[in-house]
Amino acid sequence: MKYNFWNKSVFRLSNIIKERKLDLTEKELVHRAQNGDLDAFKELVNQNESRIAATITGMIGRCPEAEDIGQETFIRFYQNINHFRAESSVATYLTRIAINLSLNELKRRKRKKLLFPNSTEEMLYLKDSDKNTEKLEINDALQKALVRLKPKYKKVIVLRLVSGYTTRETAELLSLPEGTVLSRLARGLKKLKQELQILEN
Amino acid sequence: MKKRKAVKLLYKSFDKDLTTEEQNYLQKALKADGLETERREVQNLRHALEKSAVSGFSPFFSEKVVSRVKQQGREIEKQYFFESLTSRFYRVAVAAAVAILILISFSIIQNQNSLTPTTAVSSSRSLEEMLVPAFTTSLEDFYED
Chain Z
0 MKYNFWNKSV
10 FRLSNIIKER
20 KLDLTEKELV
30 HRAQNGDLDA
40 FKELVNQNES
50 RIAATITGMI
60 GRCPEAEDIG
70 QETFIRFYQN
80 INHFRAESSV
90 ATYLTRIAIN
100 LSLNELKRRK
110 RKKLLFPNST
120 EEMLYLKDSD
130 KNTEKLEIND
140 ALQKALVRLK
150 PKYKKVIVLR
160 LVSGYTTRET
170 AELLSLPEGT
180 VLSRLARGLK
190 KLKQELQILE
200 N
Chain A
0 MKKRKAVKLL
10 YKSFDKDLTT
20 EEQNYLQKAL
30 KADGLETERR
40 EVQNLRHALE
50 KSAVSGFSPF
60 FSEKVVSRVK
70 QQGREIEKQY
80 FFESLTSRFY
90 RVAVAAAVAI
100 LILISFSIIQ
110 NQNSLTPTTA
120 VSSSRSLEEM
130 LVPAFTTSLE
140 DFYED
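Protein chains in written order, with numbering that gives the first Met the number 0: chain Z, 0 to 200; chain A, 0 to 144.
Check before you lean on any hint, since a few could be wrong.
[Said to hold, decoys possible] Capping the alpha-carbon separation at 27 Å, the derived lysine-lysine pairs in BS3-like fashion look like this:
{"no.": "1", "chain 1": "A", "residue 1": "LYS27", "chain 2": "A", "residue 2": "LYS7"}
{"no.": "2", "chain 1": "A", "residue 1": "LYS2", "chain 2": "Z", "residue 2": "LYS190"}
{"no.": "3", "chain 1": "A", "residue 1": "LYS11", "chain 2": "Z", "residue 2": "LYS190"}
{"no.": "4", "chain 1": "A", "residue 1": "LYS27", "chain 2": "Z", "residue 2": "LYS189"}
Simulated from the structure, these hints should not be mistaken for lab results.
Turn these sequences into a full structure, and let the hints steer you where they fit.
Encoded structure:
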């Protein structure tokens, strides 16, 4: 009888702790992660995974390197977590790291292409919400067209349309005026349309 | 009506609210310059881009990240241990080297101090004194007993 009561109360207590953990705000999670709580850090990873995945795959395509860069993004965040002062959101901070790492990857590819012109980059599909083949084909074509775009247009298109940031957030992330973001977005979309037409032909 | 300005307004209209004047200009252009197709194409492209976003990386992504963090933590601890060991060893080695140098210099000074009077004495002795020991026992000494 006593044992049952004890078990039940422990179970209730653990549930309360779990519920409280789910209710924790981003600031609290960061604070806990700064004190070495890896569960809090894991929660931050779970909360931001989709946005970072969208940004990285938008920038470099759906390739095996995308996940490595994703992991590297979160690891760099953890390494510098004590310098994080919550002036911006975790997502913004992580996106900046992801964009920089993706640009490094694009530079690496460019160098590789110069050294080995015949090498081909392996592309594969990551976890996708849509299993529709037609949509997968569209996504594939979009990815190929995006990869061909200049980084300055790609960054704006990916952040604004793929990752879902607002124009103002995109401008803040890239340290650009809003007007420049809008003009690059327009020019980038035009070029993307042209690339898609080339691919279709 | 300038088509270029109308296209610019068309792209702008997706991200920013246009003024009434701009809206009227665009509406007229959409009808007159056949920009309706362009508008639909851009809208579809934007929609496709929004839908193209992946929902995440491979399964257990967060677990993989956390395990890498733990692994790195262990490596950092190891590195820190070896670094502290080498820095400590370095300090011990320097201290030992200094101690050895002090000991050597001390012994050299001691030797010099002990050698100086003996040479002075030896120089004052004659060759005979040096050859004949100062305390010699002769047969007579035995017989006296």
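(message) Can you confirm whether the C-alpha distance between LYS11(A) and LYS190(Z) stays at or below 27 Å?
(response) 16 Å, holds
(message) Run the distance test for LYS27(A) versus LYS189(Z): straight-line Cα separation, threshold 27 Å.
(response) Distance ~22 Å between LYS27(A) and LYS189(Z) Cα, so the pair holds.
(request) Verify the proposed pairing of LYS27(A) with LYS7(A), using a straight-line Cα cut of 27 Å. (result) 14 Å, holds
(message) Would the hint linking LYS2(A) and LYS190(Z) be met if the CA-CA limit is 27 Å?
(response) 18 Å, holds
The structure is consistent with each of the numbered hints, conforming to all of them.
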